[in-house]
Each structure stands twice: as C-alpha cells, then as structure tokens.
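> So you can see what is in the structure, the chains are spelled out below.
2 protein chains.
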Amino acid sequence: MVAESFEIRLPPWLSARLVAPLQATSASERARFAIDLAARNIEHGTGGPFGAAVFQRASGKLVAVGVNLVLSTGLSCAHAEVVALSLAQRALGTPDLAPFDLELATSAEPCWMCLGAIHWSGVRSVIASARDEDVRAIGFDEGAKPADWTATLRERGTAVAIDVERDAAIAVLRRYAASGGEIYNAGE
Amino acid sequence: MVAESFEIRLPPWLSARLVAPLQATSASERARFAIDLAARNIEHGTGGPFGAAVFQRASGKLVAVGVNLVLSTGLSCAHAEVVALSLAQRALGTPDLAPFDLELATSAEPCWMCLGAIHWSGVRSVIASARDEDVRAIGFDEGAKPADWTATLRERGTAVAIDVERDAAIAVLRRYAASGGEIYNAGE
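Going down the list, the protein sequences come from chains U and F. Just so you know, we're using my numbering here: the first sequence kicks off at 6 and counts up by one. Just so you know, we're using my numbering here: the second sequence kicks off at 6 and counts up by one.
To be clear, the hints were calculated from the coordinates, so they are not data collected in a lab. Check each hint, because a few of them may be wrong.
If chains are identical, the list can't say which one is meant, so a pair holds when it fits in one copy or spans any two.
[Unchecked claim] Capping the alpha-carbon separation at 25 angstroms, the derived lysine to aspartate or glutamate pairs in DMTMM-like fashion look like this:
1) K66 / E187
2) K66 / D168
3) K66 / D139
4) K150 / D137
5) K66 / D153
6) K66 / E9
7) K150 / E9
8) K66 / D146
9) K150 / E34
10) K66 / E138
11) K150 / D172
12) K150 / D101
13) K150 / E138
14) K150 / E48
15) K150 / D139
16) K66 / D101
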C-alpha cells in the first residue's frame, strides 16, 4: 500500500494552550515559552524534549508553535522547528515567511535538517537555548552541521541569538534523560 | 489564528499513477522513475521540477513517491525527498526506515535540509540524478551543504550513487526554466 498523504497535528494539550492570544516581548520570554513547550511535551509523553515557537519579531505576538512529534506521528521530519515553521506558513498562507519579519525561538540548537528548514522558511531571526553539545550530552545526534551554524544563517540574512535561557533548557533535557525518555537516532 | 495541523497530500495525477504496483530493478530505472515524476510535476503545474521515490533496495518494489509541493501546499519543507520519505514512514508505520533496507531515488541532489532528512529517515541508500550545480544553473539555491555531501552520508551508513541518468534530469530542469517555471528561494 502506497500512502498518499500525511498530517502533522499538535497534541490536544497544546491546542488547548492556544485558546487565548499570547505575546512574549523579550528574547528571554520567547525562549522560556519554547522551553516550557519542551517540558510539557515530556510531561504529556507526546515526544522528545524539544519545543519551538514563532513570534512576530516586533510585537512578540505568537504566530505558531511546535513540539517534537517524531514518535507520536511516526515521521522523522516532525522536529519542533519544522512543525512550528510549517504551522506559521499554514496560518499565513504562504511558504515564504520573510515579508512577515518573524522570529523562531527553539529550545535547542537546530539539527542539520532544521538548519536548512529554517533558511527555506524565510524566518528572519532565531533564538536558541540549549547548545548542540547539551543535546548530544543526553544522547541525541544533531547531524553534520556547518562548523559555525550561526555564521551560516547570518550570512544568509537570518539573525541568531544563542544561549538564551540555556540553563533552563539544559534542565529540561536532563529531566527527559533522567525520566528514561526514548533517545532515537537514525538507524540505531 | 494559530494553525494546529498541516497536511501534505500527493496531487491527484500522482495518486492515479499508483493504482498498479510498480517495481524498478536497476538504479537507472529507479532514477528514470524519479525524473519522470519531476517532469509530470511540471506538466501538471503542481510544483517545482523535482521528484523522488523510495524502493525496497533488493526487490525494487515501490514503497513511496514524492514530488516538490512547496508552492501547491504553501509549505517550504515540502521538497520531493521529504514527501517521499515521510510517505514511506506513513506506509510502514515507523519513523525509522533502517530495518526495511530502502533506497531513495531523487531527480536532483538533496539540498541541505533534505540531506538531514535523509539521514534521520534511516533510508539506507540514495540514487541522485542531477547535480547541485545543475540545480543552481536554473536558479534554485541548494543551501550550505557539506563540501562532500556523499562522503557525509556514507560515513553515516548510507550508500550514495550520483549522476545516475544525469542528462535526463538536466533536461527536465531546463524544460522547467524554459517554460517560465517559478524559481522560489528563501526570502527573495
């Protein structure tokens, strides 16, 4: 049987969170929002310890959210960043987010797939919390990224801030590992 | 309005093609199948000039197909490889394709996002037709890929064959450019 479609849908606990409009004005607040999504994703058992959110850069209005849904959807592309950026595109009705001047907050540095996905999305700014090494420390692979991923994105017109609320993000990663959360990597 | 789901669905002309079981035993035949999908995607006006297909490596039985659906879905992640690999995962019910020993044929070298997506999917072998430079020659960006993307995948356990039916793939890319097909890149 050849499949003809696939859908990625936010889990019910996350949909319920989105009833009221949300706004986060500072980088720190946006980072904490993404990290909180990662923490709740663990609590609800809906995926890996990663969260992401897309905001209007100037106003801080929430545009889209994402959490890692690889295990619950059965799709290896369902990383938090891909989910959040795709939902932003769905909400705005275009594959190019550049004209909207948006900012992506991600609870951990993007892997190599998400680095490409970030660039193709046209999102103009990225806030990352945990570092690559923090993610690898609990056993997840991040892939063959460029030596300086921040420079790679900046050269292509995307602003990058790293280490924003890094300690809080590390605490969530450690909680996942300590709780026996599944560490899945390619072909293992 | 915050979106809660997105779906990627093959266009009707492609669904119709999948009624009969398909098999492609040689690398050349698998490559031509992916290139043919790219050509039909142009004819039907359903996306960019890129096609991909997933086969059982040993038998050549078709497992999944994909075409570039960025413009028709409004999602920048809807590259042919991501579509085909996700549909293979949907068909097989798992995010890890490694145990199934599958081969991905793609009408053009993967971009940086798809390189990561290929690795995370657990697909064990890749056949690529047009080269990065062929894709860039008609104006598409391929992103900041590793200097030798084939070595990067091989080191991680994925076999790679390049230039398989390259001329046929180049012809399709040129046909798209000559027909005035839209060249979309990030934030332009």
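> Determine for every hint whether it applies to the structure shown.
Hints and how they fare:
| no. | hint | verdict |
| --- | --- | --- |
| 1 | K66 / E187 | neither (33 angstroms within a copy, 32 angstroms between copies) |
| 2 | K66 / D168 | within (22 angstroms within a copy, 47 angstroms between copies) |
| 3 | K66 / D139 | neither (29 angstroms within a copy, 41 angstroms between copies) |
| 4 | K150 / D137 | both (10 angstroms within a copy, 18 angstroms between copies) |
| 5 | K66 / D153 | neither (30 angstroms within a copy, 41 angstroms between copies) |
| 6 | K66 / E9 | between (35 angstroms within a copy, 16 angstroms between copies) |
| 7 | K150 / E9 | neither (31 angstroms within a copy, 30 angstroms between copies) |
| 8 | K66 / D146 | neither (32 angstroms within a copy, 31 angstroms between copies) |
| 9 | K150 / E34 | neither (27 angstroms within a copy, 33 angstroms between copies) |
| 10 | K66 / E138 | neither (30 angstroms within a copy, 40 angstroms between copies) |
| 11 | K150 / D172 | within (23 angstroms within a copy, 31 angstroms between copies) |
| 12 | K150 / D101 | both (23 angstroms within a copy, 21 angstroms between copies) |
| 13 | K150 / E138 | both (12 angstroms within a copy, 21 angstroms between copies) |
| 14 | K150 / E48 | neither (30 angstroms within a copy, 36 angstroms between copies) |
| 15 | K150 / D139 | both (15 angstroms within a copy, 24 angstroms between copies) |
| 16 | K66 / D101 | within (18 angstroms within a copy, 36 angstroms between copies) |
Against the hints set out earlier in the document, violations occur for numbers 1, 3, 5, 7, 8, 9, 10, 14.
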